[in-house]
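Protein chains: 2
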Amino acid sequence: MPPRSPLAPHTPTDLPAVAGARLATAASAIKYRGRDDLCLLAFEPGTAVAGVFTRSSTAAAPVAFCRANLKGGRARAILVNAGNANAFTGRRGVASVERSATAAAAALGCRRREVFIASTGVIGEPLQDEKIAAKLPELVRGLAPMGWRAAAAAIMTTDTFPKLATRRARIGDATVTLNGIAKGSGMIAPNMATLLAFAVTDAKIPAAILQALLRRAADRSFNATTVDGDTSTNDTLLLCATGRGPRHAVPRSAGDPALRDFRAKLDELMIDLACQVVRDGEGAQKFITVNVAGAASRRAARRIALAIANSPLVKTAIAGADANWGRIVMAIGKAGEKIDPRRLSIAIGGTVIVAKGERVSGYDEAPVARHMRGREIGIDVDVAVGRARATVWTCDLTHGYIDINADYRS
Amino acid sequence: MPPRSPLAPHTPTDLPAVAGARLATAASAIKYRGRDDLCLLAFEPGTAVAGVFTRSSTAAAPVAFCRANLKGGRARAILVNAGNANAFTGRRGVASVERSATAAAAALGCRRREVFIASTGVIGEPLQDEKIAAKLPELVRGLAPMGWRAAAAAIMTTDTFPKLATRRARIGDATVTLNGIAKGSGMIAPNMATLLAFAVTDAKIPAAILQALLRRAADRSFNATTVDGDTSTNDTLLLCATGRGPRHAVPRSAGDPALRDFRAKLDELMIDLACQVVRDGEGAQKFITVNVAGAASRRAARRIALAIANSPLVKTAIAGADANWGRIVMAIGKAGEKIDPRRLSIAIGGTVIVAKGERVSGYDEAPVARHMRGREIGIDVDVAVGRARATVWTCDLTHGYIDINADYRS
Chain E
3 MPPRSPLAPH TPTDLPAVAG ARLATAASAI KYRGRDDLCL LAFEPGTAVA GVFTRSSTAA
63 APVAFCRANL KGGRARAILV NAGNANAFTG RRGVASVERS ATAAAAALGC RRREVFIAST
123 GVIGEPLQDE KIAAKLPELV RGLAPMGWRA AAAAIMTTDT FPKLATRRAR IGDATVTLNG
183 IAKGSGMIAP NMATLLAFAV TDAKIPAAIL QALLRRAADR SFNATTVDGD TSTNDTLLLC
243 ATGRGPRHAV PRSAGDPALR DFRAKLDELM IDLACQVVRD GEGAQKFITV NVAGAASRRA
303 ARRIALAIAN SPLVKTAIAG ADANWGRIVM AIGKAGEKID PRRLSIAIGG TVIVAKGERV
363 SGYDEAPVAR HMRGREIGID VDVAVGRARA TVWTCDLTHG YIDINADYRS
Chain U
3 MPPRSPLAPH TPTDLPAVAG ARLATAASAI KYRGRDDLCL LAFEPGTAVA GVFTRSSTAA
63 APVAFCRANL KGGRARAILV NAGNANAFTG RRGVASVERS ATAAAAALGC RRREVFIAST
123 GVIGEPLQDE KIAAKLPELV RGLAPMGWRA AAAAIMTTDT FPKLATRRAR IGDATVTLNG
183 IAKGSGMIAP NMATLLAFAV TDAKIPAAIL QALLRRAADR SFNATTVDGD TSTNDTLLLC
243 ATGRGPRHAV PRSAGDPALR DFRAKLDELM IDLACQVVRD GEGAQKFITV NVAGAASRRA
303 ARRIALAIAN SPLVKTAIAG ADANWGRIVM AIGKAGEKID PRRLSIAIGG TVIVAKGERV
363 SGYDEAPVAR HMRGREIGID VDVAVGRARA TVWTCDLTHG YIDINADYRS
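So the sequence lines, in the order shown, correspond to chains E and U.
Just so we're aligned: 69 in our numbering is position 67 of the first sequence, and the numbers increase by one with no gaps anywhere.
Just so we're aligned: 28 in our numbering is position 26 of the second sequence, and the numbers increase by one with no gaps anywhere.
Worth flagging that the hints you see were computed from the coordinates, not collected in a lab.
As the structure is a prediction and not an experimental result, all values here were calculated from the model.
Misleading hints may appear alongside valid ones.
All copies of an identical chain are treated as equivalent in the list; a pair is satisfied when it fits inside any one copy or across any two copies.
As a list, the in silico DSSO-like pairs of lysine-lysine whose alpha-carbon atoms are at most 30 Å apart [as the list claims (entries may be wrong)]:
no., residue 1, residue 2
1, Lys267, Lys73
2, Lys33, Lys358
3, Lys340, Lys73
4, Lys133, Lys358
5, Lys73, Lys133
6, Lys340, Lys358
7, Lys133, Lys33
8, Lys33, Lys73
Model the full structure from these sequences, guided by the hints.
Rendered as structure tokens:
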């Protein structure tokens, strides 16, 4: 087991309770020994749900199940297991999800279409779902408003620290709570970032509006992060709104002015969780923020930023604390987006290296080299053809990544 | 300096002479010490030339120069330097290429538009072209029909072995010769594979036809290989036809039936060189052939094969000799192409692991594990929606890649 990432942020020992939500963890022993690997989130009736999933064409059975249930817009439970992704398991995998959902619905006294299932771990191995069902009574008995950190820990696979975040937001005169947990370390790339993440609020927001808010937040957070450019079969991001918090007027649209603060805090929460995932990127020793400005469109800016963030040569240079800005030039070039090479500028750690398409005269590498030896690396690029910008977060590519992935099977 | 790649093939100590072509090498000492780093290929008047270049939007100054000269369709010289890419060097870089070409034209008594320049090495450093010009008299004096291996060695950067290949082809009753040299090890991905490659034949083929033949061959070879998915600023592939070999009828089109054998041998030569580059992929310990069949189009097949070949998780699993076929499923899924997950099949080393979208019953990992411990890895995928196929070649992702790139600057 690799040591805790040196980039792990300080996170609270627990999150505040969210009215209408309870949670519990248990140990199924499907794969891991001596740790919890199941997490159940249970919600009061009337809870709205929104979801964003992997775009993989080999999406796992639980993803298909959640997509179907999302149409109802209601959630009473999210059941998560770590250690087996139940991906590419054919008809047996589908049956397995259905049995788990049936068991959860029975244990909680709700309908199966109000149950959401998420799995993470090894692909292609049949899931011993009977071990999950066997633990449902224990999980239901254990449901409590607290224990978010334990829940975040129970869903980990190669993660080295649990990922959790909380925010408070104003809707009208009411202050609502937003909690989130996430897992993810490898197979992390947009569409969406390869991970599981579950957020819960006690605000009262209809499912359709919740979906619009979540899609926007996911685009600004998980879809703007990458560890290795690989996309999981199991990416699942769910947002539930119990409506059991302080009373407020029910918003009428995603653009409702009353939601301004909520939107901002939801974006913040998701960026917080997404960056925690990057900070736990397999083998990561440095956290990298890539800002691209001056692009022809937001999409172009994002693509250029991702080309830099996904380049193995850029990532290894940063791992080696090498201010090899030529590799950034290479990555910009390979993105295939419109740029003006004669007006391009590049800065690392705030020090301008390239301006007007050439290395600045009298360039002094010393401050850049100092910055490169730190844990937090900033790359700023201006491609000088427009006004659109994008930010992408990633980590370096190190021996640790090879260590973990050249013999890890989970 | 890393040791010679364990995947290096046996190559001849020299190639046969090609009538109408001579070559020489020299040491400029621009970057390297104690080795040749300049190569001059010189051709008799009337030599036709074709070229394919990087699609990078930050292409280097010599690439722009070659593109312009290619319009003339004639080549008298190719001048190559290793150690400095003359990329992203602004107006100074452009002037530098022009001075080198002027010096070469003067030394050989030809026109500057018949001179082609290629550079490889560090990006963004001004090129001391006066050191190249100073060596031109020595290079011209040294021109000889043999010395192909030395030429291949002179253009190396992080390469661990020189890359060269030769073929003979029939055009009508004549047997012509095709020689090629290449360099490349990192920044290797299609559009085109990041490298320099120069091929010469003594056949008589007009430039327009040569261009069509080269484009086709590049697509089947260099554009079907990847080491790290990064695309260089300097990719240059040139093919020259001196017309000084055995007499044959001049072909009238690229599809001329008389060119059938030549086309096949040109493709073979280019695939040979491209695979040598992959075999020298930075840190490579295993050579991987990915075959995708059953795709909706050739383009889709290629994209799926590249998604597998570029996946860090697939490449590290292979480095660890881990038959982790779930990562292949993941990579297929992220390609975003049409597939039928319920009919998908996957084989490794000829052993079928997945059939009809599920792991085969009674799957025995032993023969696959044995295959994975070898040097040559074969992955066969059928996505079951059409009849198109593609092959892509790549290598594994190892600690060696990190070693080389986390502190290499060249």
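Against the structure, the hints come out as follows:
| no. | hint | in the structure |
| --- | --- | --- |
| 1 | Lys267 / Lys73 | within (26 Å within a copy, 57 Å between copies) |
| 2 | Lys33 / Lys358 | between (55 Å within a copy, 26 Å between copies) |
| 3 | Lys340 / Lys73 | between (39 Å within a copy, 24 Å between copies) |
| 4 | Lys133 / Lys358 | between (62 Å within a copy, 27 Å between copies) |
| 5 | Lys73 / Lys133 | within (29 Å within a copy, 70 Å between copies) |
| 6 | Lys340 / Lys358 | within (16 Å within a copy, 43 Å between copies) |
| 7 | Lys133 / Lys33 | within (11 Å within a copy, 63 Å between copies) |
| 8 | Lys33 / Lys73 | neither (32 Å within a copy, 63 Å between copies) |
Of the numbered hints given earlier, the model fails hint 8 alone.
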